[in-house]
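2 protein chains.
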Amino acid sequence: MAAAPAAAPARALAPSSSYSPPSRGVSFCSGTSRPNVRAAAASASAPGWRRWEPAVSVAAGSAQSALGALAVDPKVDTLLDSVKWDSKGLAVAIAQNVDTGAILMQGFANKEALAKTISSKKATFFSRSRSSLWTKGETSMNFINVHDIFLDCDRDSIIYLGKPDGPTCHTGAETCYYTSVYDALQGSKPNEDRQVTTTLYSLEDTISRRQEEATEGSGKPSWTKKLLLDNQLLCSKIREEAGELIQTLLENEDQSRTASEMADLLYHAMVLLRVKDVKMEEVLEVLRKRFSQSGIAEKASRNKS
Amino acid sequence: MAAAPAAAPARALAPSSSYSPPSRGVSFCSGTSRPNVRAAAASASAPGWRRWEPAVSVAAGSAQSALGALAVDPKVDTLLDSVKWDSKGLAVAIAQNVDTGAILMQGFANKEALAKTISSKKATFFSRSRSSLWTKGETSMNFINVHDIFLDCDRDSIIYLGKPDGPTCHTGAETCYYTSVYDALQGSKPNEDRQVTTTLYSLEDTISRRQEEATEGSGKPSWTKKLLLDNQLLCSKIREEAGELIQTLLENEDQSRTASEMADLLYHAMVLLRVKDVKMEEVLEVLRKRFSQSGIAEKASRNKS
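Each protein sequence line maps, in turn, to chains A and B. Residue numbering for the first sequence follows full-length UniProt numbering, beginning at 1 and increasing consecutively. Residue numbering for the second sequence follows full-length UniProt numbering, beginning at 1 and increasing consecutively.
In isolation and in its complexed conformation, chain A is listed as follows (with noise of 0.2 Å):
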């Protein structure tokens, strides 16, 4: 780990040995950070770059043994000693799309929870009406796998930061948040298809209501309508975009100028997905899968695809 700067250690990463310019594709030569800890080896598929393999694996569904055989390993003992547990020995857990940002659940973990989760990779928590331990997925098979977690700083709040195989919600919807306050007060009923979204999300969820209305002739004219509905239109103003972009670089200009001119990019290009029907959340695993290996492992498993 000689390339770790002292100051920032647990954000260091061991740069790739070297770059590989892409042709189509690139590789982005992020390495991984292997330190030599006897409990844990690091491996590298998620933001925060690093994985933690236990040095005692618990069976999944052995909700009783989880503590018991992670206790093997007086870092976890620690480390499960440190969050503040409430009176009931709870915290709160958040389950967060690891590429989409969106929150996806939240429930309570004790400190039985927290190791299996720790452990097994796959979001669990602890149901208070059943008094029991709930690995999210078990009966729906929609696990959430988690890459990470967080404490907060006062160690009383969780982020499972992970991937979830499916819709997390038990009424199928993408999440549990799906009520808007402010749309309740206006008088809408609640609506699995209005989830809470953020930025990127909610303008991917425009384009696409612009998709429909131009299938369905609804609507006014709109912009993004005629992108939609118009290839040559769409591809010249991608590139018409990125040349205005670069222009940002190479014309000196302010940084406000190139904000404004990356919106437009990523505008137009997310009206390209919409109508190739590629989701930004695909994009985005596509990044994740890419940077946390090393650009020459990733461009020859590339390569052989």
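Read the hints as simulated data drawn from the structure, not as lab findings. Please note that the accuracy of each hint is not assured.
If several chains are the same, the list does not tell them apart, and a pair holds so long as it fits within one copy or across any two.
What the hints assert, rightly or not - Straight-line C-alpha distance at most 30 Å; calculated BS3-like pairs for lysine-lysine:
1. K279 - K75
2. K163 - K279
3. K163 - K111
4. K84 - K226
5. K122 - K289
6. K84 - K122
7. K276 - K289
Once you have looked at the hints, place chain B on chain A.
This is chain B only, laid out in the frame that chain A set:
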């Protein structure tokens, strides 16, 4: 609201009445629905598309009066009563950055805290240790400006989706989540620079680290560093990747190719953002502000600036 599909009223938007193809910069022509409900006037500045103005404004700081003042609107009363408050009258409240999706902090809300957040649009919690309302930012001035509020399927968990004025954590960190469990198990101490990050921001962090290494002359060669140090190469790659993305549409290549080329374009464009010292969050803020106005109004505002 003629354009609203009956099946999805909460998502429906009245599209802009006209489009304005951009020369430099683009307007996205997403208008805003303004349903005529007595106590709620929709405005438009956030994903979720609607903002709600309370019938009765509540002065900041008047915590005790918040519920009483809002209670004049029976819709707010009904909504507050519909939340499944626990035995202590609390529900989990999670603050999330509307642009990046970052989970900023987690606290608890009681009825008054949610009422005050609805009316003031500043994320407000109930402090269990002080037994009082607490508006994030009331001492630090780093408010979280709430754009929308979501309840989960069980109505016992709340997301405050908003834009922070500054760092959220009392430590000065951007978010309260900077302790990676797997890092801790590898012996790393918590590091406020090691924020929980989803894919796009992990990539942004990696590019930043490559730039630091390039400046210091540390680390190993990487493609990212080569791009960071050679504007002509970077620009030619952005053009090339835009062309390859376009090609997937024009030559009807498969979806995985589109996702891969979009990933390449996004990565290279993000390297340019780093060279220009522009954050992806700034780009997303541009997109949010742009597509929450009608195209014409937005273009007019930009022409003035």
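Structure-based check of each hint:
no.	hint	in the structure
1	K279 - K75	neither (40 Å within a copy, 36 Å between copies)
2	K163 - K279	both (15 Å within a copy, 25 Å between copies)
3	K163 - K111	within (22 Å within a copy, 33 Å between copies)
4	K84 - K226	neither (55 Å within a copy, 45 Å between copies)
5	K122 - K289	within (19 Å within a copy, 37 Å between copies)
6	K84 - K122	both (22 Å within a copy, 27 Å between copies)
7	K276 - K289	both (21 Å within a copy, 26 Å between copies)
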